[in-house]
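Listed below, chain by chain, are the residues.
Protein chains: 2
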Amino acid sequence: MAEKEKENTTGITARKEQDFSEWYTQTIIKSEIVDYTTVSGCFAFRPYGYAIWEKLVSEVDARLKKMGVQNVYFPLLIPERLLKKEEEHVKGFAPEVAWVTEAGNTKLDERLAVRPTSETIMYDSYSKWIRSWRDLPIKYNQWNNVVRWEFKHPTPLIRTREFLWCEGHTAFATREEAEKEIKDIMQLWTEVTEELLALKGAAGRKSEAEKFAGAIASYSIEYLLPNGRTAQGPDAHFDGQNFAKAFNITFLDEQGKKQLVWQNTWAITTRMLGIMAMTHGDDKGLVLPPAIAPIQAVIIPIMFDESKEKTLEAARTIRKQLENTLRVKLDDRNEYTAGWKFNEWELKGVPVRIEVGPKDVEKKQAIIVRRDTGKKEAFPTGKLAEEITKTLKEIQTGLLRKSAEFLKNNTTEVKSMDELKAAASNKKAATGAYCGSRECEEKLKAKTEAKSLCIQDKEEGKCMVCGKKGSKAYFGKSY
Amino acid sequence: MAEKEKENTTGITARKEQDFSEWYTQTIIKSEIVDYTTVSGCFAFRPYGYAIWEKLVSEVDARLKKMGVQNVYFPLLIPERLLKKEEEHVKGFAPEVAWVTEAGNTKLDERLAVRPTSETIMYDSYSKWIRSWRDLPIKYNQWNNVVRWEFKHPTPLIRTREFLWCEGHTAFATREEAEKEIKDIMQLWTEVTEELLALKGAAGRKSEAEKFAGAIASYSIEYLLPNGRTAQGPDAHFDGQNFAKAFNITFLDEQGKKQLVWQNTWAITTRMLGIMAMTHGDDKGLVLPPAIAPIQAVIIPIMFDESKEKTLEAARTIRKQLENTLRVKLDDRNEYTAGWKFNEWELKGVPVRIEVGPKDVEKKQAIIVRRDTGKKEAFPTGKLAEEITKTLKEIQTGLLRKSAEFLKNNTTEVKSMDELKAAASNKKAATGAYCGSRECEEKLKAKTEAKSLCIQDKEEGKCMVCGKKGSKAYFGKSY
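Respectively, the protein sequence lines represent chains D and F.
So that you can map any letter, position 230 of the first sequence is 220 in my numbering, and since no number is skipped, the others follow by simple counting.
So that you can map any letter, position 378 of the second sequence is 368 in my numbering, and since no number is skipped, the others follow by simple counting.
Since the hints were made in silico from the structure, they are not lab data.
There's no promise every hint is true.
If several chains are the same, the list does not tell them apart, and a pair holds so long as it fits within one copy or across any two.
[Claimed, not checked] Below, simulated BS3-like cross-link-like pairs (lysine-lysine); rule was C-alpha separation at most 30 Å, straight line:
#1 Lys81 <-> Lys6
#2 Lys462 <-> Lys448
#3 Lys373 <-> Lys392
#4 Lys310 <-> Lys55
#5 Lys383 <-> Lys55
#6 Lys319 <-> Lys129
#7 Lys331 <-> Lys45
#8 Lys331 <-> Lys118
#9 Lys383 <-> Lys56
#10 Lys129 <-> Lys274
#11 Lys170 <-> Lys56
#12 Lys142 <-> Lys74
#13 Lys118 <-> Lys319
#14 Lys97 <-> Lys247
Use the sequences and the hints to build the structure in full.
Following this line, the structure appears as structure tokens:
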């Protein structure tokens, strides 16, 4: 018991400012978001972490369904010949594919890829299912697991060999419909990341070198992290007719003419949990945005022997009062002290703590403590629901505002590659004019140690590499 | 267009009574539950089929959470040395494991199993996470995909190389708690299969030869299918301390003494959709129980040029009236005739069809047609919601009653292996006294072509094989 207590109350031993990487690992492991497993680069989602993902999934899923997206499930294992059908696509993914070559004691005739993404297996079916304009649009999505066997150093949630995601794969009769969907999806990603995860990123188009393998154009939201590195968030790819050609996905239009479909793919992944933890957390551990927190308020009774029953009763009454409007938990465990519990729930990032002790019972009040600011305030029991709802909204807005300010304050406008290099080595993101060509990307990477993250669609200025027409782009050192 | 119309209106060309296997395949393929893919033995879940699974998942998940179960996610790929830790377990699964041996261009040092089930990877973490009685019970579940590379002939949904399921893996301080959970889970399985899928099965303990690889005792619900074969449904395994020993999962009890945990595992899979389709379907296609149907009522306006707008308006009003209490769809497609739509939604098993034509609009009524009985009745528009709700309940109850009667009427009581053999070759399930030993199972299988399905826990009669103490058991020819 003593040993356990010691371990947990110690909490995070690294400082976010001083040793970000160690701080991050301790935070998500000790708060029980994920844990290491014996499989290198693969992590276990513990109940607390998985509950956050479940909440994100249920919100995104509901919004996708409103857009007319339907869920499906396709096989995990993809025959090698199918994966090879779209040339750019296989080039992009082959180096990271985990291959099944044996089953039981039998060597397979053909290698099977553990899906790194499902375009090829899905589009093989689409070519069978789509025949006429009546079958379009097809807006299918799957929530599943994918494996990309990277050999880089893994970072839990951010860079892992298996992750969870949704992968949307849609097909339209016209280019216009497909391009409109890209806008709608990017809007959806902006909404859910801001409203739920309180994260502000920079959205735009990927450069030619950075776009999705097989796409005409890729769009993403990019996040600047506290250590000065950047991470790509949710994305949407306009695939044009590339896969339609490779997989022969055609339809008869209303005039009876054979046409190729126009396609998109888009995704949001468990990486978002890592970006969220990195962004909002502090030296005490996680700080969860209320909209996504599995527990929004934790009630901790301060129990002394003589007044224990009365205090517990008051705590239970408060729970009852709140449980219909909030995700609330009463921590009435006997075997831990109130102080130990304070630390544990702070570590786990619960947005609001409600303390109730014998004196509060007498005064018919409870103490509310905010996780983000540490601010402590007493409120009459009757007003708790109202006050906490207000506080949660303030926390949510405050976290998003802080995230937006952080991005703004740490993004430098640069006019040249030298300025970009200086910004990047100074842990800043940068904006500047850029053309987005493969040639310029190569030069830029070699010279600056940064890369382009995304480019805005409006023309603005001259490319800092080649001097031709450019647009405002974001740059950074990416994970 | 003509071609497409022809294909769909033709519907199911095989009769359930005459060619069950062909009827079943056509039914679930043409109703768009699943489809074949290029990966042999692996199927794609189409939106209509996946929506049924999603509904089952959400109901089961809510009930599990009420029991205190928490969701987690563990890696897909399990190192070979981990899989080998529990001897019986690996013996049972190794012949069907799909092995990852290469990643990118690199040959891996150790083969990785695509999870056939997750005991080994999860318990490796449990041994790290569980330290004291305070950490117990652990009731974790994951909804995921598993691969068992069977070489038998696949049957869509029933016997496939990849399937979706939930796998619960729990750990308790005492044997009593673990055994109680087995009862609770079996009760849950009975409830969801009866209330949602309208399926009546025979529940009991598996024989020694048929139990789960690594378990002390396995329990399951077994279903008799219309073709006389049987299929195992959801199950629950009491693993005792077998895995706790293999994975060293210990805890300090309240007295500070080191103890091994007691464990269970349990699951329900996508196979249930196949059992449901086989049981309730008829020569027109699927018949879905209302509680699980993605669409409970479909409104079909009978549109003639002159009255089209009025009819459509009436249909929309009906939808509005129903959409808050029912999962309702208005099929207002112009490009298909009403008759074509009748066939399509019958094929898809929608429990209730609502027809509304110009004459019905005049009379302020609609026609309700039941999918299960074909019964047609007119109701005043104002009473539709009430009448349909009543009808859906009747359909649900009726389907369950039919399923129970089918099981009862097709289960023969047998006194000897000869009688059992006769029953099995006559497409019946059978009950009889049985001891459940490995020796008797071997003899029984060899002599009767049937096997034991499950055994009831109450002693009753003498084993029909060895003559020793027996219990009532179910037998059949299993998938």
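Against the structure, the hints come out as follows:
Taking CA atoms no more than 30 Å apart as the test, lysine 81 paired with lysine 6 passes in neither setting, with 38 Å inside one copy and 48 Å between copies. In this assembly of identical chains, the alpha carbons of lysine 462 and lysine 448 lie at most 30 Å apart only when taken from the same copy (7 Å versus 77 Å across copies). Within a single copy, lysine 373 and lysine 392 get their C-alpha atoms as close as 28 Å, which meets the 30 Å cut-off; across copies the closest is 55 Å, which misses it. In the homo-oligomer, the alpha carbons of lysine 310 and lysine 55 lie at most 30 Å apart only across protomers (19 Å), although the nearest pairing inside one protomer, at 33 Å, exceeds that limit.
For a Cα distance limit of 30 Å, the shortest separation of lysine 383 from lysine 55 qualifies both inside one copy, at 26 Å, and across copies, at 27 Å. Only between protomers do lysine 319 and lysine 129 lie at most 30 Å apart by alpha-carbon distance; the minimum there is 18 Å, versus 39 Å within a single protomer. Proximity of lysine 331 to lysine 45 under the C-alpha cut-off of 30 Å is restricted to the intra-copy arrangement: shortest distance 24 Å within a copy versus 37 Å between copies. Within a single copy, lysine 331 and lysine 118 get their C-alpha atoms only as close as 57 Å, which misses the 30 Å cut-off; across copies the closest is 22 Å, which meets it.
In this homomeric assembly, lysine 383 and lysine 56 come within 30 Å of each other (Cα to Cα) both inside a single copy, at 25 Å, and across copies, at 28 Å. Taking the shortest alpha-carbon separations for lysine 129 and lysine 274, only the inter-copy value of 28 Å comes in at or below 30 Å, while the best intra-copy value is 43 Å. Proximity of lysine 170 and lysine 56 under a CA criterion of 30 Å is satisfied intra-copy only: 16 Å inside one chain copy versus 42 Å between copies. Taking the closest pair of Cα atoms, lysine 142 and lysine 74 come within 30 Å of each other both inside a single copy (24 Å) and across two copies (29 Å).
Within a single copy, lysine 118 and lysine 319 get their C-alpha atoms only as close as 50 Å, which misses the 30 Å cut-off; across copies the closest is 26 Å, which meets it. Taking the shortest alpha-carbon separations for lysine 97 and lysine 247, neither the intra-copy value of 45 Å nor the inter-copy value of 49 Å comes in at or below 30 Å.
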